[in-house]
Each structure stands twice: as structure tokens, then as C-alpha cells.
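Student: Below, each chain spelled out in residue letters.
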Amino acid sequence: MISRRVFLVGSAAGALILRVGLAHADAPPSRLDLWVAIHPDGSIDITCHRSEMGQGIRSSLPVLIADELGASLDHVRVIQGDGDPRYGSQDTDGSTSIRNFFDAIRQAGATAREMLIAAAAKQWHVPAARLVAKDSAVSDPATKKSATFGQLAHAAATMPVPAHVPLRPLRDLPHLGKDLALLDADAFVTGTAQYAADVRLPDVRVAVIARPPDVFGAVASLDDSRAKAIRGVEQVVQLPAPSPPAASQPLGGVAVIATNTWAAMKGRAALAIEWRGGPNKDYDSAAYEAQLLAAVHAPGEVARSVGDADRALASAPRKLEAEYVVPHLAHAPMEPMAALANVTGDRCEIWACTQDPQDALETVAKVLGIPNQNVTVHVTFLGGGFGRKSNPDFIVEAALLSKSIGKPVRVQWTRDDELRHAYYHTHSAQALAAGLDAGGNVIAWRHRIAYPSISATFKDGVDHPSSGELGQGVLDLPLAIPNVRVETGAAPAHVRIGWMRSVCNVQQAFAVQSFIAELAHETKRDPRDMLLAVLGPPRVVDEKDQGVDKLGNYGAPLAKHPIDVARLHRVIARASDAAGWGKRGNLGLAAHRSFLSYIAVVASADARGRIDEAWITVDAGIIVNADRVRAQMEGAFVFAMSSAMHGELTWQHGAPTQTNFHDYRLVRMPEAPRRIHVDIVPSDLPPGGVGEPGVPPVAPAIANAIFAATGRRLRRFPFARFLTA
Amino acid sequence: MSVKLTINGVEHELDDPDMPILWALRDVLGLTGTKFGCGEALCGACTVHIDGQPVRSCVTPVKRAAGKTVTTIEGLHDHPLQRAWIELGVPQCGYCQAGQIMTAAALLASTPDPTDDEIDHAMAGNLCRCGTYVRIRAAIHKAAK
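Note that the protein sequences, when read in sequence, are chains G and B.
For the first sequence, this note's numbering begins at 653 and goes up steadily by one.
For the second sequence, this note's numbering begins at 305 and goes up steadily by one.
Calculated directly from the structure, the hints in this document are not laboratory data.
Relax, there's no trap hidden among the hints.
A short, non-exhaustive set of chain B residues, derived as facing chain G with CB atoms under 7 Å:
| hint | residue |
| --- | --- |
| 1 | Gly337 |
| 2 | Gly343 |
| 3 | Glu344 |
| 4 | Ala349 |
| 5 | Pro395 |
| 6 | Cys400 |
| 7 | Met427 |
| 8 | Ala428 |
| 9 | Arg433 |
Here a beta-carbon is modelled for each residue, glycine too, at the ideal position from N, C-alpha and C.
Please model the entire structure based on the sequences and the hints provided.
Tutor: In C-alpha cells, the structure reads:
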């Protein structure tokens, strides 16, 4: 039997295209659209097309669809979507899953609902308009007739796809903004949740790879005889060396293929490889930092300008200058990268912990020289991603090796691989200078910035931050200061630079929010008052106010997501009031807008600089799952605290020095604050991001708290080193 | 020389005495609930029990468990910690949580009602990059009640 089958095609912009296709549909379930399929027994499959990496998206987006559909959550099973461009963007980064799909995903639920209603209306010969979809059934209030979604599904799948569907008013979405259960909690606590390395295939081989120490280094000579003598080791395969730009190419090197992971790891340790250094073989992060600092002590390319900052600085009665440094950081997800690929003929099937299955699919297809439609990418659970798993280099490794040996191959990265071959958070230097008038008001602001750009990973020769990177807390920063100038200095990249949770907001919010607190100290003002004064009165700012040509605004139109200083004021007031601001002397405050959300953080420190409590207020517009929003804020605090207290990767002779958690330290339970309070501002404004924006205000809030409690001003990560120094 | 041991109540014979228990569980026996995080006993993701004591299975060779009883996350059934973890929505990415629960289970077995300091001390070897520590501590207290 051939029946009509309907697909909904979403896009990141929120537009939906409907497509009708033909497919065999002998077997249940009846698919109503790309996201919704209903079984005759009434169970409902809802697809989550975004990667689950701890943000709880599988407990959020499908609930939104179910509410719009009128499904009872008891009947819903969540299916993880494979890589498929029909979903629209699946690149799970930029804190976009809710903010870019809030409307689109409800359209999917509503379309399926209207088709179920149309099927019932046809069956009962009544007008569709009076029918109601609720509790997984369609009912007619006039006749009291009712039919379950399961009973209607087959007929509904033959209904025409409506061109326009009404969305329910938000108040009619029963779960919106509530504390929703964590869908996968049971799988997590029983060990049954399947991550990339957990996928089993018959006859699979495990590969562990020795990669060149420096990016674009290569194998000069190889002796694999000792490795091959190890029980379980079957083959040693050389991978092709990449050429610039790095993009998402594997780094090359030598793969040891074995019947189990332990043998592969021992085999790699037994390889004797002489490496030939490439163009980055002399990279030394200490020398590079001196270069960055020199760059920010000289005029650079102007990125933002209002008034005449240089003249105002020169004539100001008082001046304050400070420089801030954030070294390279690593994502360090608890799950090191892993991918399983099975290449058979001109087809490839992949299971991977990827944040971007479509990019993985396209990249693998290109590398293997096969059509996109011949590649399937299944998305497993991700044991943390934080931006690292957007790049498919590790997945390409698995595909190349599977093709090479003609068997399924699981590539397993170790922790030292993860730290030594990352797409690193950039190494930055920033110099801030402010001119103050006689009354202590800030009349001039100059911000000089240098760091290697993420764009350099993808394009040769880029040596300045992009406007997108500067748009993360510099170009979009509201400043009620008449003379403002932002300049960038040259900083070529010597390692792969990537996205790490909140990206350039990390260093930019750290510098700006620390410097404002320093200005308060300099002028003997309350830091909260100084912050409010620098941000200026409640207002909406635009490009002209900001002295920039264009604000990227995280890809969102300013008309829908304006930069609203009133929302910053509100979160500052709520967080600082909750913390008892003014009544205790050991608090540090920072507030920042990123990914369209507004967050204030207050941290409290003890006399040794230990952070014991935190208060966070978040205004993310409309939220879907309150408990996951709180969890993200709690987690973002600890994640960012790890960077601030301990984060630093150093390079010597082109290679990173750190290899594991003993020398790349993360916050452990005894160091984490005992109490983290999260306050969510009720809002009916369009949703902003949640996964990332909790991070940027944390480091400066901690620095400001440590200053308040100990008198020590920390301007460089990792704070812990300077506290104990 | 093969090694006999009991895992989650089932007797097994493993033929590589030097293989870390982690890889024997995952690659030989297909018990994938125990996770690889660091390979050097620095993160706790691989924590299992040998005769009730928490050990880091990534650095513990199979021979160390010869004739002993190994318990993994698959060997816990409706444990009060698992229930508390679910009730408080502890996990984020979930990857470290099996190790967290195994360490916490050993703590509760020896210290049925731990203080905050005792929890911090016992759990210090288990990293959570998602930062779920506040909820883990709360869930241990809840399970202890």
C-alpha cells in the first residue's frame, strides 16, 4: 500500500516549508509530519532533532510539540533525530535550540493536530473548527463524540497538509515554563543511556590515534613493530596529514587498530614515531602572551567609535588603566570524543556524540567522495559538548579508518588527546583605559583587544577578531559614556581556535565587568552604582548609539530582540537584593547580556578567596522548562568557575603541556559553592538562550568578590595560582 | 592465566589479568554503564565497587578482583540514590553520574547519614564538568533520609 506521507521542513530562521512525498506506509506508525508519528495503540513518537548534551533539550522541545499537539505526555516517546537537513539546523550551539525553534516546533505540533482534527471532522461530518484536541484525543463538545489520536492517526496521515495552522495561545500550553521532569533521568542513573562509545556492532575494531604534537606537524618516521606485537593489535594505519586551513580535518598521525580499547591504547604507547614539525612547531604561549600584550598597548583597527576617546582620555583629570588576560582553555567534556563508523561500499553509517550531525554527514560524504544521501549519522547522547563536539574531525577519523580496514571502527580519544588536540578557547589580552571627570564620572572608555580568531581555523591569514566575536560583549555593550573607542590588534593563530561555551563573552565580560568594579574602587563608589551608571539609564540601544556599523545580535533581528538596558537593571537589582548587597562586604557583582538573555551574578568569597555562595538572576524571555533553566545556571557557574580558578593551557615547542585533570584542573565538589540560588524573571518576551549566557558574568563576579573579601585584584586566569602565590 | 570473579552476581572468567576492569567490563562483557573519563584515576567516571569498596576501574587490573565481587551501576536496582537523583533532576549530560552514584553508594554504606563535609570529602574524586555538585550533595542527603 502506498500512502501519502508528509514532511515538515524547518529552518533556523523559523520559516517552515511543507513537502508532501510518497512512501510505503504498510506498517505503523502513521507519520503526520517530520516530528510527529502516532501508533495505532495511541503511543506518540516525537522527534528531538537537537543534540542532548546536558542542557535537557530532550526534556524540553518535545514537550512543546506535545502541548501544541494536545498530546498527553504519558503517551509520548522521544526519538533522537538523525542528521537530516529537513529539520533545519541541527547545529546544537549558540544557545539556539529554543530561541530559534520556539515557533517552528510548535508549527509542527499544530500541523499534526490540525490533520487529526480534520480526520475526525471528516469521519463525523462536523465542522473542524469546533473540535478540540486534548489529552491525546479529538473531541466534539457538541456531540460529546471522542476519538483517540491512535484511532485517528491512519486517516489523519491521508489528510491534506494545512498551509496555515493556528498556534495555541501560550497560556494554553499546559507545561510551558513549568518544572518538567528530566526525560532521560532513569537512563542516566542506571547506566543505560547510550553515548558514542557505548554503541555495539558485531566485528567492530577500536582505533586509538597518535596525532602530531603541533598542528600541521607530520610523521617523519614510524616504527610500529612493538605495537604490532601486542596481543589484540591488528593493524597500524597512517592518516593523511592535513593542509591549512585546519577547519574540521583530522590532524593526521598514526592509528593503532585493535580488537579492544586497552590493546589499542597499549599499542599507541608502543609506537616509535619521529614527528616533523610544521609551521606551528615553535609556538610558545608565554612568548605569545607578550606579543598579545604588546598589541593591546598600541593603537589598532577601530571596531567601535563614539566621540573622541583619545582626546578625552588625554584631557581627563583622572585616568585608570588595567589589562586582563585569559589563557587558552579546553572544553574537557567528561566524555572524550568517540565515533563509530561503518563504511560498506559507497555507504557510511555513523554513531557519534556530535553537536552538528549535518555537518558531520556532509564532511564525511565529501572526504569519502560519496553522495550525502549515502551517509547516515545517528546522534548518541553527548557526555558534555561545550562547543568541542560541533567539529567533526574525530568522526572523519572513524570514517577514514573504517574505509581503510573494511570493518566498523570506533575511534576512541583519550583525555590527553582531548586536551592536546582541542579546538581551544582563544588566548586573549585586553587593555582598558577610562578617563574620569572631577566628579568621578566616566567620560572616556578605550578597550583594546587582541586574540586569535575562530575564523583563522577556517580561513588562512585571519589575524583579527571578527565582528561576530566582538559582538559578544564589546560592540553590543551598552555604555552611557560620551567617548568610546574599541580597537583590535593583530593576533595570528598557531593552534585550532574553536567555540567554547559562551565563546568570546568569556574574556570580554571578564575584562569589562572587572574594570567597571575597578573604576568603582578608584572613585570610592559602590560597584553596583558604578555598573548602573556605566550602563546608563533604562533604554534600548541601537547601532548608532553603539558607534558601530552593524550589530550581529546573535543572528536575531534587533526589532525582535532589542538590547534593552532596563532588563539588565532588573536582573542586577534582583540578584544583588537577594544576596543582601550593601549589608555584607564580601560580594562581587557582574551582569551581562549574551545570546539574547540577561543575567546578573553575585558571588560571595571568604577571607581566603574561597567562593561559598552565589546568586543568579536570569531573564531569558519565555522559558520552556524552568528546572532545566535553573540547572543550566547552576552548571554554568561551576563550569565558568573552573575556567576562572584553574583554567590555563600552555604551549612549548608547538605542543600543549597539560595532559589530564591533574594539570588541567576543574572545580571539584569541595571547592564548589555550597549554595547556588537561581531566580528566573517571569517574561512574555521572545525566548533567549540558556545554555551559554550563564557563563560570562561568573568569572568577573568571582574576581570582584575576591577583591571585596581579600583586597586582591585578579586580572588573569587562573585565579587560584595568584591566590596561593 | 585467566581470572575468575563475580560481577553483579554473575560469575565470569576473564583471560587478560592485566586489562583494567573498565575495559573488561565495556569491551569484553558489554557492560557499558561504567564510563571512561581520564584513564588515570583522576575523574571517578569509571568508579565500581570491589567487595563494596569504591575503586577506579580504569587503573585497576582484572587480577586485583580475582575471587572477589565487583558491582557496577548495572548492579544497582532502585537504589535510594538512584531515586533521589531522579527526584532532584541531578544529571545534566549524565556521563559522570554512574561513577558519582557508585561513590555515593559506598559512602552511604559506611556513613548512613553523612554531613556536608563528609560528602565533599567522599565525592572529591568524582568530577562533573556540567557542575551538578549542588544537586548531587542534596540527593545524597535525601537518599540518606
